[in-house]
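Read top to bottom, the protein sequences are chains A and B. According to my numbering, the first sequence is numbered sequentially starting from 2. According to my numbering, the second sequence is numbered sequentially starting from 165.
Hints may contain errors.
[To be verified] Residues on chain B that point at chain A, a partial pick, calculated with CB under 7 Å:
(1) 341
(2) 345
(3) 372
(4) 375
(5) 449
(6) 465
[What the hints assert, rightly or not] Distance ranges between label pairs, derived from CB positions:
(7) A/34 <-> B/363: 16 to 22 Å
(8) A/31 <-> B/537: 41 to 47 Å
(9) B/657 <-> A/34: 41 to 47 Å
[To be verified] Which stretches of chain A does chain B cover? Using the computed rule of at least three CB atoms under 8 Å from a CB of chain B, they are:
(10) 19-32
(11) 54-60
Everything labelled a hint here was simulated from the structure, so no lab data went into it. Cβ atoms here follow ideal geometry from the backbone N, Cα and C, with glycine treated the same way.
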Amino acid sequence: MSNFKVGIRENQNVQVVDLKGYLDAHTAPELEKIFQALIDKKNFNIVVNCRDLNYISSAGLGVFMAYIEDVRKNSGDIKLSNMSAKIYNVFDLLGFPLLYDITSDEAEAIQNFCSKK
Amino acid sequence: MAAVKEKSKNQIKTENAFELTSLFEFSSVVNASLDLKFIFNHFLLTMMGKFLSLKGIVILENRSNIFKTEIAKGIQNDSSKTEWKISKIPKRIIFIDKEDKRRYHWIKDFHTIGITMLIPLIARDRIVGIAGITPGNRTKLTDKETLYIKSIANIAAVAIEKGLFIQELSVVNRQLDRKIQELNTLFEVGKEFNSVLEKNRLIKLLIFSVMGQIGVNRYFLCLEEDDTMNVVAEKLDRKNHADVCEYIPSLTKPMLVSAMTGKTESKWRGLLEDIGIEAVIPLQLQQQTKGLLALGEKLNKDIYTQKDLEFLSSLGNLAMISLDNVRLFNDAIEKQKMEDELIIAREIQKGLLPAILPTIPSFEIAAVNISSKQVGGDYYDVIKLSSKHFVIAIGDVSGKGTPASLLMASLQATIRALVPLGLSLSELTKRVNDLIYENTSNGRFITFFWGILDTESMIFKYVNAGHNPPMLVHVDGSLELLDKGGMILGIINSGISYAEGEVTLKKDDLLVLYTDGVNESMSSENIEFGDERLCSLVTQHRTDDAKTVLNNLVESVKLHSINAAQSDDITIVVLKTKSAKLA
Numbered sequence: 002m003s004n005f006k007v008g009i010r011e012n013q014n015v016q017v018v019d020l021k022g023y024l025d026a027h028t029a030p031e032l033e034k035i036f037q038a039l040i041d042k043k044n045f046n047i048v049v050n051c052r053d054l055n056y057i058s059s060a061g062l063g064v065f066m067a068y069i070e071d072v073r074k075n076s077g078d079i080k081l082s083n084m085s086a087k088i089y090n091v092f093d094l095l096g097f098p099l100l101y102d103i104t105s106d107e108a109e110a111i112q113n114f115c116s117k118k
Numbered sequence: 165m166a167a168v169k170e171k172s173k174n175q176i177k178t179e180n181a182f183e184l185t186s187l188f189e190f191s192s193v194v195n196a197s198l199d200l201k202f203i204f205n206h207f208l209l210t211m212m213g214k215f216l217s218l219k220g221i222v223i224l225e226n227r228s229n230i231f232k233t234e235i236a237k238g239i240q241n242d243s244s245k246t247e248w249k250i251s252k253i254p255k256r257i258i259f260i261d262k263e264d265k266r267r268y269h270w271i272k273d274f275h276t277i278g279i280t281m282l283i284p285l286i287a288r289d290r291i292v293g294i295a296g297i298t299p300g301n302r303t304k305l306t307d308k309e310t311l312y313i314k315s316i317a318n319i320a321a322v323a324i325e326k327g328l329f330i331q332e333l334s335v336v337n338r339q340l341d342r343k344i345q346e347l348n349t350l351f352e353v354g355k356e357f358n359s360v361l362e363k364n365r366l367i368k369l370l371i372f373s374v375m376g377q378i379g380v381n382r383y384f385l386c387l388e389e390d391d392t393m394n395v396v397a398e399k400l401d402r403k404n405h406a407d408v409c410e411y412i413p414s415l416t417k418p419m420l421v422s423a424m425t426g427k428t429e430s431k432w433r434g435l436l437e438d439i440g441i442e443a444v445i446p447l448q449l450q451q452q453t454k455g456l457l458a459l460g461e462k463l464n465k466d467i468y469t470q471k472d473l474e475f476l477s478s479l480g481n482l483a484m485i486s487l488d489n490v491r492l493f494n495d496a497i498e499k500q501k502m503e504d505e506l507i508i509a510r511e512i513q514k515g516l517l518p519a520i521l522p523t524i525p526s527f528e529i530a531a532v533n534i535s536s537k538q539v540g541g542d543y544y545d546v547i548k549l550s551s552k553h554f555v556i557a558i559g560d561v562s563g564k565g566t567p568a569s570l571l572m573a574s575l576q577a578t579i580r581a582l583v584p585l586g587l588s589l590s591e592l593t594k595r596v597n598d599l600i601y602e603n604t605s606n607g608r609f610i611t612f613f614w615g616i617l618d619t620e621s622m623i624f625k626y627v628n629a630g631h632n633p634p635m636l637v638h639v640d641g642s643l644e645l646l647d648k649g650g651m652i653l654g655i656i657n658s659g660i661s662y663a664e665g666e667v668t669l670k671k672d673d674l675l676v677l678y679t680d681g682v683n684e685s686m687s688s689e690n691i692e693f694g695d696e697r698l699c700s701l702v703t704q705h706r707t708d709d710a711k712t713v714l715n716n717l718v719e720s721v722k723l724h725s726i727n728a729a730q731s732d733d734i735t736i737v738v739l740k741t742k743s744a745k746l747a
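Only chain A is shown next, with the shape it has when bound in the complex:
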């Protein structure tokens, strides 16, 4: 039904969320469920890999806003990686680079978690 997919995998003790397709008002609740599940299981080190993300709307960005604090309170973070120029432009327009750690690739984001420790 929806052309949006979320997958979770683990990479060096960091939970990597793979986004695919369109993250908009319609599909935002799916990502919300994933974040909620990760937090419920006390997984606070999260990298969201946006390599296959084609579109993001403000409702999608809102999901990141809704959970970032919970995660950071538990000394974790939601880091974003592998954005296409188009996706990055949306994040940039809405001022997200100031608030989030956005890296060009997943390894770098994971590295940032490790170096913090």
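For this one, chain A is given, so just place chain B on it according to the hints.
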């Protein structure tokens, strides 16, 4: 002399060549750059180098007659102002002297910081800025120097203008991108809102979109529900929004909390600031404020712009329309459900009322039940016990719809089960009461009248449990009300006793049993049909046969309540004695 002249000619040639080269270089360097800071810097350094100046400044027109310092060298920060009010700038190079200071009030500001020479920066005949330097103690320039400076200043001015355009363009471009993003959000959210029929999901979508678009994660959302403002979603560090709600209906425009200055507003402002709210956006439906979106500080600490408020207002109002649609949709479903339920209720009721009345020897009997749209809980029954004994009953169950129908069904079942026991009417009534009491939830009750007619003795024994007393009209016009009995059914368990009434029926006596749907039927002017009117009608028609009396009553009630909605069931049972038998 000639040699000297020759030498100086050569020198001039070399100098000219040097100046041309430097002009060319300057031009290619500044024109290759779109970075304004770089252009200012390069221009100022060139000028300062040329005149061995220790100070230099470049100011640019920011808006009409207001100039801003873009770069300053060798000038102490505290003595350098950043904004200059300048008008009537001469289009020539100025060495500041007394005359200039007198003619141009703003020139002394330059003098104060030690600038002695001013160069207007002219692009397309318009002064875009002014450069100032301190060329030692020189007070004038040679023609060549003037030409050189003018050339450099022109090249710089054109480059600056180009840089400004590009800067402006990129700002506009970014604003445009942002606007497109906002419109996309509105479009997408609007589309999504319309397809969501669940209130909570809609609210969540609104909040997500606001958080993502504005970059905020402290908020609360109030909506008017059943005429009161309720907080339906929130994330705050401190809570105290109860008092905040009362101000909401008076707010018609989105506002920054910091801009609230009115008398009532400032009290509100205090409350909002206490819970960390920076912006409030009324949510309107047909120009009426029906809710409020209140937002805290942006995560990047930026102040809310007018554009933000406009966007939020549009988004909020879109959400309101959709929320209203959800409400209408749910109302429609609820209404459909109720209608379905009423159909069931009506069917139950229909099934309980006697389809055919038994024939009672020496009597005429006629009955009617007209159910209202709401379906009340009226009930009547005529039961043949033996060839000479008949039960006549009428009742009104409190409430309407299915619950009333079901209670009525249990009343009917109880009566039919108890009657064959052959107990006295008052004992039976007591048992009916107890059974009904056990089968009703709180607050439900039944007004009930019943009697047993002995067609041989012509004696009618009855018990009235709080029902409208049936009217017995004799042929001479005298009237008896059958009101002996006791408490309404279903209120108190056991221990109550019912008195039994008894009347002997004579020839042409008329007995009318009815429910309150008759005497309490309302006209369109809200006037009750009334007991008196009912009495006089019955008395007036006492010589008619049962069917005619019934029809007349129904017609009168219908006529009375014409154009008014029938709010309760109408039930009438008419019994008429055809001939008196003596026992």
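Answer holds if the nearest beta-carbon of chain A is closer than 7 Å to that of residue 375 of chain B; otherwise answer violated. Holds. Min distance 4 Å.
Mind taking a look at whether chain B covers the region 19-32 of chain A? Criterion is 3 or more residues with CB to CB distance under 8 Å. holds (count 5)
Using Cβ atoms only, decide whether residue 465 of chain B comes closer than 7 Å to chain A, and label the hint accordingly. violated, 9 Å
Within 41 to 47 Å: is that where the Cβ-Cβ distance between residue 31 of chain A and residue 537 of chain B falls? holds, 46 Å
Minimum beta-carbon distance criterion (7 Å), residue 341 of chain B to chain A: holds, 6 Å
Do the beta carbons of residue 34 of chain A and residue 363 of chain B sit within 16 to 22 Å of each other? Because 19 Å falls inside the window, the suggested range holds.
Interface hint compliance - residue 449 of chain B to chain A, C-beta minimum distance less than 7 Å: For residue 449 of chain B, the interface hint is violated, since the closest Cβ of chain A sits about 21 Å away, which is over 7 Å.
Annotated coverage of the region 54-60 of chain A by chain B, confirmed only when three residues or more have a Cβ within 8 Å: holds (count 3)
For the hint 41 to 47 Å, verify it against the beta carbon of residue 657 of chain B and that of residue 34 of chain A. With Cβ atoms ~53 Å apart, the hint is violated.
Against chain A, with CB atoms and a cut of 7 Å, does the hint on residue 345 of chain B hold up? Result: holds, 5 Å to nearest chain A Cβ.
Just to be careful: measuring from the Cβ of residue 372 of chain B to every Cβ in chain A, is the smallest value less than 7 Å? holds, 3 Å
Of the numbered hints listed earlier, those contradicted by the structure are 5, 6 and 9.
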